[in-house]
Each structure stands twice: as structure tokens, then as C-alpha cells.
Amino acid sequence: MSTGSVVVPVPDETTRRTLPALTATSGLLRLEMRRSVMLWMLPLVATLFWFITYRPSMAYPPLWNVRAMSMQTTALSVFAPTVVGAAAWLGWRERRHGMTDLLIGTARPRWSRQLATWAATTCWAIVAYLGCGGVLYGVTAWQGAWGGPLWWPAVVGVVSMPAFAALGFAAGVLRPSRFTAPLVAIGVFLALQISLQFIHGDDSYWQISPLVAGPWEIGPDTGVATFYRYLPDLPIAQVLFLAGLTAALLGTLGLPGDAGGRRLRRCAAVVTAAGLLTTTTAVALAGTGRLDAHGMIAIPLLHDEGDDRPLRYTPVCNHTPIPVCLHPASAGYLPSVTAALEPVLTELAGLPGAPVRISQAAARYEQGPDNRVSISRAGPPTSGTPQVFHLLLPHQTATAEFVAELRVDALQSIVNSVVGGGRNASPAQQAVTEAILGTSTLAPGSPAAAAAQRLAALPAAARHAWLVEHVAALRAGQLTLEQLP
Amino acid sequence: MNVEIEDLTRRFGRTEAVAGVTMRTGPGVFGLLGPNGAGKTSLLRMMATVISPTSGRIRLLGRDPGQYGQRREIRRRLGYVPQHLGYYPRFTVVEFVEYFALLKEMPPTRVHHAVAAAVERVGLGDKATAKLRTLSGGMLRRVGIAQAIVNDPELLLLDEPTAGLDPEQRVAFRALLRDLGQRATVMVSTHLVEDVGAACTEVALMDRGKIVFQGTPEELAARAEGTTAAGDAPLERGYSAVLAQART
Numbered sequence: 001m002s003t004g005s006v007v008v009p010v011p012d013e014t015t016r017r018t019l020p021a022l023t024a025t026s027g028l029l030r031l032e033m034r035r036s037v038m039l040w041m042l043p044l045v046a047t048l049f050w051f052i053t054y055r056p057s058m059a060y061p062p063l064w065n066v067r068a069m070s071m072q073t074t075a076l077s078v079f080a081p082t083v084v085g086a087a088a089w090l091g092w093r094e095r096r097h098g099m100t101d102l103l104i105g106t107a108r109p110r111w112s113r114q115l116a117t118w119a120a121t122t123c124w125a126i127v128a129y130l131g132c133g134g135v136l137y138g139v140t141a142w143q144g145a146w147g148g149p150l151w152w153p154a155v156v157g158v159v160s161m162p163a164f165a166a167l168g169f170a171a172g173v174l175r176p177s178r179f180t181a182p183l184v185a186i187g188v189f190l191a192l193q194i195s196l197q198f199i200h201g202d203d204s205y206w207q208i209s210p211l212v213a214g215p216w217e218i219g220p221d222t223g224v225a226t227f228y229r230y231l232p233d234l235p236i237a238q239v240l241f242l243a244g245l246t247a248a249l250l251g252t253l254g255l256p257g258d259a260g261g262r263r264l265r266r267c268a269a270v271v272t273a274a275g276l277l278t279t280t281t282a283v284a285l286a287g288t289g290r291l292d293a294h295g296m297i298a299i300p301l302l303h304d305e306g307d308d309r310p311l312r313y314t315p316v317c318n319h320t321p322i323p324v325c326l327h328p329a330s331a332g333y334l335p336s337v338t339a340a341l342e343p344v345l346t347e348l349a350g351l352p353g354a355p356v357r358i359s360q361a362a363a364r365y366e367q368g369p370d371n372r373v374s375i376s377r378a379g380p381p382t383s384g385t386p387q388v389f390h391l392l393l394p395h396q397t398a399t400a401e402f403v404a405e406l407r408v409d410a411l412q413s414i415v416n417s418v419v420g421g422g423r424n425a426s427p428a429q430q431a432v433t434e435a436i437l438g439t440s441t442l443a444p445g446s447p448a449a450a451a452a453q454r455l456a457a458l459p460a461a462a463r464h465a466w467l468v469e470h471v472a473a474l475r476a477g478q479l480t481l482e483q484l485p
Numbered sequence: 001m002n003v004e005i006e007d008l009t010r011r012f013g014r015t016e017a018v019a020g021v022t023m024r025t026g027p028g029v030f031g032l033l034g035p036n037g038a039g040k041t042s043l044l045r046m047m048a049t050v051i052s053p054t055s056g057r058i059r060l061l062g063r064d065p066g067q068y069g070q071r072r073e074i075r076r077r078l079g080y081v082p083q084h085l086g087y088y089p090r091f092t093v094v095e096f097v098e099y100f101a102l103l104k105e106m107p108p109t110r111v112h113h114a115v116a117a118a119v120e121r122v123g124l125g126d127k128a129t130a131k132l133r134t135l136s137g138g139m140l141r142r143v144g145i146a147q148a149i150v151n152d153p154e155l156l157l158l159d160e161p162t163a164g165l166d167p168e169q170r171v172a173f174r175a176l177l178r179d180l181g182q183r184a185t186v187m188v189s190t191h192l193v194e195d196v197g198a199a200c201t202e203v204a205l206m207d208r209g210k211i212v213f214q215g216t217p218e219e220l221a222a223r224a225e226g227t228t229a230a231g232d233a234p235l236e237r238g239y240s241a242v243l244a245q246a247r248t
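Same order as they appear, the protein sequences are chains A and B.
The first sequence stops at residue 485 when you use our numbering, and every number in between is there.
The second sequence stops at residue 248 when you use our numbering, and every number in between is there.
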């Protein structure tokens with residue numbers, strides 16, 4: 001040890017007041033960030049994100065709505081327990097390392113010291129979240145997703161980080177124990193998942209959960225925020241809730257007598273009260289939500305009617321005899337749609353009643369009883385002269401299921417519009433429909449089934465030629481089974 | 001006077017750890033001696049503004065630690081090494097000392113230089129970037145001293161600071177104490193009387209929460225004259241004699 005005198009004068013009051021307090025705070029933050037336990041959680045968070053969010057999202061075509069919403073619905077399930085756990089571990093740090101006496105004897109208020117530790121955890125959590133989100137958004141953009149990125153889900157995610165960190169940190173400070181971090185991490189994960197089960201209807205207060213990115217029963221729906229804007233109503237309420245929660249939790253840490261001076265504790269009380277008020281307001285706002293026709297939760301007090309206007313777009317079409325045109329966001333589905341529809345469309349092209357074009361329609365969402373949401377085509381199946389058929393894309397990711405659902409929904413309607421009949425179809429109409437669709441819904445061994453098999457065995461061109469000649473009589477219900485080829 | 005204490009008492013439940021202590025001291029190295037459980041640590045913790053007294057009056061550096069604003073002013077000018085030094089194992093030596101420099105609200109522009117100087121003064125310059133978890137007990141003790149002196153305190157409170165230091169470090173540490181004591185009040189709580197003899201200008205002996213002797217080390221040694229008090233050195237014999245007298 002050296003006895004050399006190094007004079008480091010303590011500054012007088014005036015000098016200290018003029019010094020940039022921000023520099024000292026940033027110095028503390030730098031130290032805390034460098035040694036934050038959250039830094040060690042980043043590889044774990046990235047791995048979990050890859051398994052739980054990234055890979056399932058990539059199973060969908062590059063759609064901004066589905067990918068962006070997964071940054072709330074699944075990514076936050078990954079981040080919540082890790083951030084809460086790390087923050088709780090840091091909240092207990094002073095007691096764990098026997099630093100209490102040393103730290104009490106320092107000039108900086110305890111609250112200010114705690115905020116630096118919390119802020120470091122939050123910064124790393126946000127860096128991790130933005131990194132994961134950046135990869136997901138970057139890949140989505142690189143894959144040529146139509147339109148621009150949806151930022152609101154990411155905003156909710158980012159604002160969740162301070163709230164999760166505050167929750168864990170407050171638990172660590174107020175209940176210091178080696179069990180606090182694991183318990184609070186598991187508890188938050190379970191609480192978030194269980195709270196979703198309480199969502200009933202579109203006016204549920206539980207929608208305030210940051211894991212909710214839209215009507216909970218729908219899940220990641222490809223039709224939401226495609227033809228219409230992504231409504232920021234629920235995200236705004238969630239951001240308010242999370243900001244309020246953060247303020248209330250951090251403010252609570254500043255309330256005890258040893259947290260700081262009277263002025264600082266008064267400030268903490270105001271922050272706590274403001275936080276609680278904001279949180280309560282946000283929950284109340286979520287309770288006034290309603291499912292709008294476009295599949296988003298609208299909150300009347302926060303709703304901007306400008307968001308109800310449809311988005312302009314140029315459809316993407318294929319070159320089948322009856323062109324199929326999809327919304328550019330769904331362009332990834334065009335090959336599957338073409339493969340599913342082309343054989344039948346080729347056969348029906350040019351026939352009376354056949355549409356001249358098939359155009360993707362927006363979905364219409366309706367809140368039903370028992371927490372169910374019905375999704376149907378907005379508007380009639382056909383419109384205009386010459387006729388345009390409005391196609392509602394099925395909500396399926398697997399190609400086989402997607403094609404099967406297209407056949408049931410779209411092709412049935414198109415064939416019915418040509419062959420006629422519908423529910424009261426004649427046996428001949430039923431047989432022709434069955435032969436064109438290649439289905440087997442008729443009773444085996446019945447005359448209609450036999451006629452359908454006979455007709456299906458013909459080459460498509462021969463069937464088309466026969467239809468050109470007889471479709472008018474068939475539509476009028478004048479043909480019998482015996483008259484079929 | 002940097003330390004003015006009058007009839008100071010601190011109780012923990014039914015136990016009276018400090019029982020009516022009165023003391024005044026200015027710059028210099030002040031040794032606080034006493035057997036285990038005498039109340040030295042409790043007295044030091046009150047002076048470090050870690051705990052508040054049950055009764056009595058205390059003024060440090062001319063300020064009242066009972067007032068928040070004045071307590072903060074005291075803490076800016078205070079250095080404290082507790083008996084059981086806690087530390088963050090993942091911090092480096094420099095980071096740990098810098099952390100405390102910032103918590104003591106030192107001007108940010110002076111922190112870098114002050115940290116480097118404090119680390120050098122405790123002889124840890126070559127370990128500046130070592131993580132605390134890799135240091136020996138003696139080195140950690142020196143880190144504790146570095147964080148205490150980083151703000152060049154006017155009041156430095158050291159609770160058993162030489163525990164864990166080897167003889168060479170102890171000699172250097174005493175020299176450091178003498179140097180610091182030229183400008184500040186350095187209060188050293190210890191049970192090692194040789195530390196007191198080598199570094200202190202004044203000494204107090206505590207027993208059962210009370211100060212039973214206050215004077216210079218020479219006066220303490222003189223108390224053994226004419227007695228059969230046990231001890232290998234004059235100070236030790238003086239210590240034993242005062243204690244024996246106090247207990248009868």
C-alpha cells in the first residue's frame with residue numbers, strides 16, 4: 001500500500017449541483033450493464049425464441065400480420081419468465097452478497113441505485129427482444145412480404161420488457177430469497193398462460209395481457225390486417241397498461257423510509273399513484289373492446305375511423321383459363337390455389353354461369369356466443385357482370401388441408417354456379433358436380449354415383465365439350481341420369 | 001470536531017449494545033479497542049449512518065445524521081469498511097471501486113483518476129482488472145479499503161480492517177492510516193493492540209457498550225504500571241488492566 005498523498009477533493013454544494021448528474025447515472029448504468037446477469041440469459045432467450053417463435057412463424061408464408069403478431073403471442077412467453085427471473089435475481093443481489101451495510105452508507109438514494117440495476121436488466125432485455133424481432137422482421141422483408149412491417153406488436157413487446165423487469169426486480173427486493181427468482185419466473189409464465197383462459201368475448205378485461213394480439217380465439221389469422229389496417233386500439237391500451245404497471249412497481253420501491261429523501265419518496269408516491277391509475281384505465285379500456293368486421297379489437301375511445309378504410313393494393317393473378325387473383329400479401333398461396341383450382345377451372349371456363357375471374361375476398365369476423373368467432377366471406381360469393389367469384393382463402397398452413405378446404409368451399413360454389421341445383425340439385429346435377437370435383441359423396445352403388453363415375457372416367461376435354469352442349473338443360477334441371485354420357 | 005457523540009445508546013431488543021457513549025474527536029487516527037461484543041461495531045455502524053441510535057446525540061463532520069439532507073452530505077464525505085465486507089464477485093477491482101465512487105456522488109470527471117489512485121494506494125494496481133471472485137481474502141480486504149478511501153473521506157470508519165492482511169500489508173496499511181489521519185478522522189475498530197500502538201494517536205477502550213478508557217496509547221500502556229495485568233507488550237498489559245478495573 002502506498003502512502004503517497006492523492007488529493008481528491010469533495011466538491012462543494014454549488015459545484016455538485018452544476019455537475020451533470022446524467023453522467024454519473026450513465027456511469028452506474030454502464031457498470032450495471034457490463035455485469036448484468038441478463039447478459040448471460042441472452043443465449044437462452046435466443047434459443048427459446050428460435051424454437052418457440054421463429055420456426056413456427058416460418059411455417060407460414062411471409063405475411064407481416066402473422067409474423068408480427070407472433071412477436072407478442074409467443075415471443076413474450078419466452079421473454080417474460082427469463083426477464084422476470086433475471087431481474088428478481090438482481091433484486092436480491094445486495095442481500096445475497098452482504099452489501100447492505102456498505103451500500104446504505106453511500107450518498108446516492110437507494111431508489112436511484114435500484115433503478116440503475118433495473119434499467120440495466122431492461123436494456124439487455126430490450127436489446128435481446130429487438131435482436132430477435134429484427135431477425136424475424138428482416139427475414140420476412142427478405143422473403144418479399146407485401147406491405148410494410150407492423151410495428152404495434154413489436155411496440156407492445158418492447159414496452160413489456162421494462163414491466164417484466166420491474167415485476168421481477170420488485171419481487172427480488174421485497175422478498176429476497178434464493179427461491180424468489182425461479183418462483184416468480186415460473187409464476188409469471190403460468191399466470192400469463194392461465195390469464196388467457198379467462199378471455200371470454202371481445203370485451204374481456206383479460207385482453208390487456210401483452211400476449212394478446214387480437215381476438216384470442218382466432219389465433220394467428222392470415223386474413224387479419226391484410227385488407228385493412230392493423231388496428232392500434234388494443235396495443236395502445238396494452239402499452240398504457242404496461243407503462244402503468246412499470247411505474248407502479250418501480251414507484252413502490254421508492255416508498256419505504258430508507259429509499260431516499262422526503263422529496264424523492266413523494267415523487268415515488270406520485271409515480272406509483274399515476275402508474276396505478278394508468279393501469280386501471282387501460283384495463284377498463286380493454287373491457288370496452290369489440291371485434292370489428294375485419295378481425296381486430298376496436299376500442300371506441302381509442303378508435304380512429306380512418307383505420308377502417310380498406311388498403312389499396314394491386315392483386316396478383318395467375319394465368320389459368322379463369323384467372324385467380326389474390327391479395328399481394330397472399331401471393332405465396334397462389335401456386336397452391338392454382339394447383340387446387342386449375343383442373344376444374346379449365347373445364348368450366350367459358351361455360352354459362354362460370355365466373356370470368358376469381359378474386360380473393362376479405363373475411364368478415366363476427367363475435368358469436370360461447371367465445372366463438374365466425375369467419376365468413378365479406379359480401380356475396382359472386383358479383384358483377386361478367387361474374388367475378390369472391391374467394392375466401394382457408395385458414396390452413398398445411399398444403400393438403402388448404403387444398404381440401406378450397407375444394408369444399410370455393411370449387412363447390414363455382415361448380416354449383418355452372419351446373420345449378422345447389423341444395424335441391426337433381427340426380428343428374430349431383431352426378432355432374434361429383435364428376436367434375438372428383439369427390440365421392442353420393443351413396444355408393446346408387447344410380448347417381450354410377451353416372452358420376454362414368455362421367456369422371458371421360459377425358460376432361462370430352463366432359464367440357466359435353467357441358468358446352470348440355471349445360472343449359474342441366475342447369476334447368478331437364479336432364480336425367482340416363483342422358484348423361 | 002469531526003465526531004461529537006453524547007450519551008449515545010443503541011438497543012437491539014433487550015440487548016443494549018451501546019450504553020451511553022460520549023466521545024469527541026478531530027482529525028487523526030482513533031483506535032477503538034475492546035473484546036468481542038463490546039459494542040464497537042454497533043458504534044461504528046451508527047457513525048456510518050447505517051443504523052440510527054436509540055437515544056443520545058450524534059454529530060458527524062458538523063452535521064446531524066438524523067436529517068436526510070445532512071446525512072447525505074456526511075455520506076459524501078464518509079468512508080466505511082464494515083467488519084464483513086460484501087462484494088459483487090463478477091465486478092473487477094476497478095469496477096467495484098468506481099461503483100462506490102459513483103454511489104458516493106463524486107464528480108464524474110474525477111472518478112476515473114480517484115479510482116486509479118485508490119487502487120494504487122492499496123497496492124492492487126496489478127490486479128485492477130481482476131474479477132473480485134478471483135482475489136484472496138487479504139486482497140478483498142484491500143479492495144474494501146480502496147472503496148472507502150476513493151472519495152478521500154473526511155471521516156473514515158474501519159471495522160477490523162487488518163483482518164486477513166499479511167504482516168507486510170499490515171505495515172503498509174498502518175502507514176496509509178497515518179497518512180490519511182493527517183487530514184481526516186480515521187476511526188479503527190480492532191482487537192489487535194499492535195495496530196493501535198503503531199498507527200493511532202488516540203484510543204478508546206469499550207466494554208459492555210461503554211467506553212471505559214479514552215486517551216493516548218501511551219496513557220493506556222501506563223495504566224498497567226503497578227498491576228499484574230497479563231500481556232506480552234505494554235499496550236496489551238494496559239488493555240488488560242483497564243478491562244479488569246472496569247469489571248470489578
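The hints are simulated quantities; they were obtained by calculation from the structure and are not laboratory data.
Do not rely on the hints blindly, as some may be mistaken.
As the list claims (entries may be wrong) - Computed from the model, here is a short list of chain A residues facing chain B with C-beta under 7 Å:
1) A24
2) G27
3) P56
4) M58
5) P61
6) H97
7) G98
8) D101
9) I104
10) G105
11) R108
12) L264
As the list claims (entries may be wrong) - Take a look, some chain A residues computed to stay more than 10 Å from chain B by CB distance:
13) E94
14) G219
15) A457
Idealized CB from N, CA, C, for every residue including glycine.
Hint check:
1. A24: holds (5 Å)
2. G27: holds (5 Å)
3. P56: violated (36 Å)
4. M58: Status violated, d = 37 Å.
5. P61: violated (45 Å)
6. H97: holds (5 Å)
7. G98: Holds: closest Cβ of chain B sits about 3 Å from G98(A), inside 7 Å.
8. D101: It holds, given that the least Cβ distance between D101(A) and chain B is near 4 Å, below 7 Å.
9. I104: Result: holds, 5 Å to nearest chain B Cβ.
10. G105: holds (5 Å)
11. R108: Status holds, d = 5 Å.
12. L264: This hint is violated: L264(A) lies away from chain B, its Cβ roughly 9 Å from the closest one there, beyond 7 Å.
13. E94: The assertion about E94(A) is violated, with a minimum of 8 Å to chain B.
14. G219: holds (42 Å)
15. A457: Label holds. Min Cβ-Cβ 78 Å, cutoff 10 Å.
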